[in-house]
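*Asks:* Residue numbers (the UniProt record's numbering), protein chains in the order written: chain A, 1 to 373; chain B, 1 to 421.
Just so you know, not all the hints are guaranteed correct.
What the hints assert, rightly or not - When the alpha-carbon atoms are kept at most 30 angstroms apart in a straight line, the in silico DSSO-like pairs for lysine-lysine are as follows: (1) LYS403/B to LYS259/A; (2) LYS99/B to LYS55/B; (3) LYS217/A to LYS117/A; (4) LYS109/A to LYS120/A; (5) LYS369/A to LYS290/B.
Calculated directly from the structure, the hints in this document are not laboratory data.
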Amino acid sequence: MQYVLTEEQNAFREMIHRFLEVHSSSSRIRSASLTELGWDRDVWQQLCAEFEVPATCVPEAYGGHGFGLTELAILAEEMGRALYCGPFFGSTVLASLVISNGATDEMKKLLLPELVKGNKLAALAIAETCDRWRAADVTMVATDDGDHWRLNGEKLFVVDGLGADFLIVIARCAAKGEIGIFKVSSRDQSLSRLEMQGIDRTRRMSRVRFNNTQATKISRAGDVGDLVDDALDQATICLCAEMVGGAERLLESAIEYSKVRFQFGRPIGSFQALKHRAADLFVDIELAKAAARCAATAVDDGDENISELASIAKAAASEAYMSAALETVQFYGGIGFTWENDTHLWFRRAKSSEVFLGTADWHRERFIKQIAA
Amino acid sequence: MTETVSLATEQQVRDDVRDWIALNWNVKLSLSEWRELLADSGWGAPSWPARWYGKGLPATMNSIVEEEFFNAQVVGVTRKGANRLAAQTILAHGTDAHKKRFLRPMLTGAETWCQLFSEPGSGSDLAGAMTRAVRDGDRYIVNGQKVWTSMAHISDWGILLARTDMDVPKHQGLSFFLIDMRQPGIEVRPLRQMNGHASFNEVFFDNAVVNENDRLEDEGDGWRVATTTLLNERRNFDVASKKHTGFDRQEQIYVEEAEEIAVALAPHSWYPQREGRIDLLLPRAIERGKFGDAALRQEIARLFVLQRCREMASQRARAAIEAGGTPGPEGSVGKLAGARVSRECARVHTIISGADAMLDGVDSELNGTVAEIFLSTPANSLAGGTDEIQKNILAERVLGMPKEPRNDVDRPFKGVPKNAL
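With the hints as constraints, model all of the structure from the sequences given.
*Replies:* Next comes the structure, spelled out in structure tokens:
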């Protein structure tokens, strides 16, 4: 296993970091998150044109760059650090990974090149109730009317569902009930997409209702639940990288403030009470970072225990990010509780990420049952 | 390019060791005869200078040579006491006379060393040492007390940090000595810990004598010398090779080595318990029928997550060192995470025990092991630099937070407020 990033990977990270510093500054995030779409089209187009972000981990056969999850996670870490709001996670991570893992070769050839160029966006519709993020939890049924598959029911927490050109929907095929992957055009009139108002305005989610909506099956015959779950584990690992980036940003900001804020004639950062909490947080974040980085590398190495590593990473990142957010507000003191201070932007993302794609409790339960088996 | 060169060198070193072993290893020699041979060859301490029992190889080659010795079942140099630390310090700061007198028996095990740094009054604040060394002609008279001294009861020599000047600031008034432990002015008493074991000693100096010649560097330079020792202690800990417990073979030389190791390890039979025995958690939970308890499963999972993250973080740190970095203050992350693991293990083990956590010895599960875990794990947050010191290191050296104002460095040590008890 490769434990440290290569020079090329670091250079790549540095490049995207510098771009986001300018184009995903807190003032840009604030203004973008006030728009109806929730993100800035120009910035996304630049990310596609200059860095070809959506191509990163798509295989070359489908028009991508063929890098691994390690590189995708590097991007996610920087996006999380800058709190980038845009279709990266919804389309490039969630939807593309499900297509890459679970669609037939023919469908990948059809769908991935469009996503890679960035001129089309996709969103993943899987969850139907709160706390259910895996294929086995899906109950929505797809019926075959002879000519087409038809979907009925509702999907929740569809990330960037409003901006997507098509939806990737996980549903059970009628008759045998096996898990399949379906594609639905978002222009379909039978579809209703409603924004779910969230605490984190930088990650938009929607509620999608299907009313006898026409769908194309893009997975092979038979149950592909395992492939969907593989994709979700990979997406979870990217989410963890994102969370680690966000947590690091919070800690940096808290520490910078502690050096310039003077009380009782000293910078507050010189008080041991704050130093020790900063050090504890640093340890939490370093541990979560190790788990996220190793999990991504393990995917690229073809390791078998990915779900275990994804759960370890998610359990660690969930707690590290939320404590970073709470501590950062406390480091800032009163000003940290104001709307004007940027901390609450990350504070919101920390909670929403903590419970997204499985809570820490859920991941711990899955992990312990796996190793006890 | 660099990689091919270092690979070639590694292979070359392996070849050289194997050739030398093939020519010289003789299972019929006594332990001391063999080690004399080994000391002369340079293969006992490959990273030491060729002039002083080494091969002048980079430190990274030590583990390569060790591996070759282990695979060929060849006995290496002694690992007892503070011999290695003392040797590293003498190599850096000793005169040729020191090196000539001390290095060889340090390798062969003919002499055992201990480290006399910590005091009852100065643990975290090591530079606040109060043990005095007062000059008397060409010698010093030592009075005071050291504590937590491993192996002092069987040591021939000690590396001693003592105060030679009270009128200068604390770091400038210390000197570093090599002291003969076999003298009437030194008394060694075992120190019993809260878990009932006595793994360390207290060392009392009552007009003990040390020769002026046995001082390393100048008077007042002791802190600088001690820093070398501490840095090596940290580094040895970071790159610690697998614990060698001897070869299970009947020939005399193996038996002698096994005895030497047994003496060194005997006081530390509780060390596995100090780490928390995470290996026992799942089997105990299942055996006691508690794995069905969702709250307990969460506790165990939380702990396993922490442990796995810690392992991955330390592999990352090691990889970073191998990729050319130097072991830095990041080592504190591992130390703190390790202390967390052991503390949490003690908590979860006793949750699994329930009311049985009140029991010890023959009346308890696993003959007192859980009690020993409970009573030993606090050591991990104290030994080798307390959690608080580790956190200060991270905060100040890694995160760059401002130092705490101090009132003990810019004035003569005698004017610094001291322990009130």
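*Asks:* Run every hint past the structure and note whether it holds.
*Replies:* Each hint tested on the structure:
The straight-line distance between the Cα atoms of LYS403/B and LYS259/A is roughly 10 angstroms, inside the 30 angstroms bound, and the hint therefore holds. Distance restraint check for LYS99/B and LYS55/B: the Cα-Cα separation of roughly 16 angstroms lies within the 30 angstroms cut-off, and the hinted pair is therefore satisfied. Between LYS217/A and LYS117/A, the direct Cα distance comes to roughly 23 angstroms. Compliance with the 30 angstroms bound is thereby established for this hinted pair. The suggested pairing of LYS109/A with LYS120/A holds, with an alpha-carbon distance near 14 angstroms, which does not exceed 30 angstroms.
Restraint check for LYS369/A and LYS290/B: the C-alpha separation of about 13 angstroms stays at or below 30 angstroms, so the hint holds.
In summary, the structure agrees with every hint in the numbered list given earlier.
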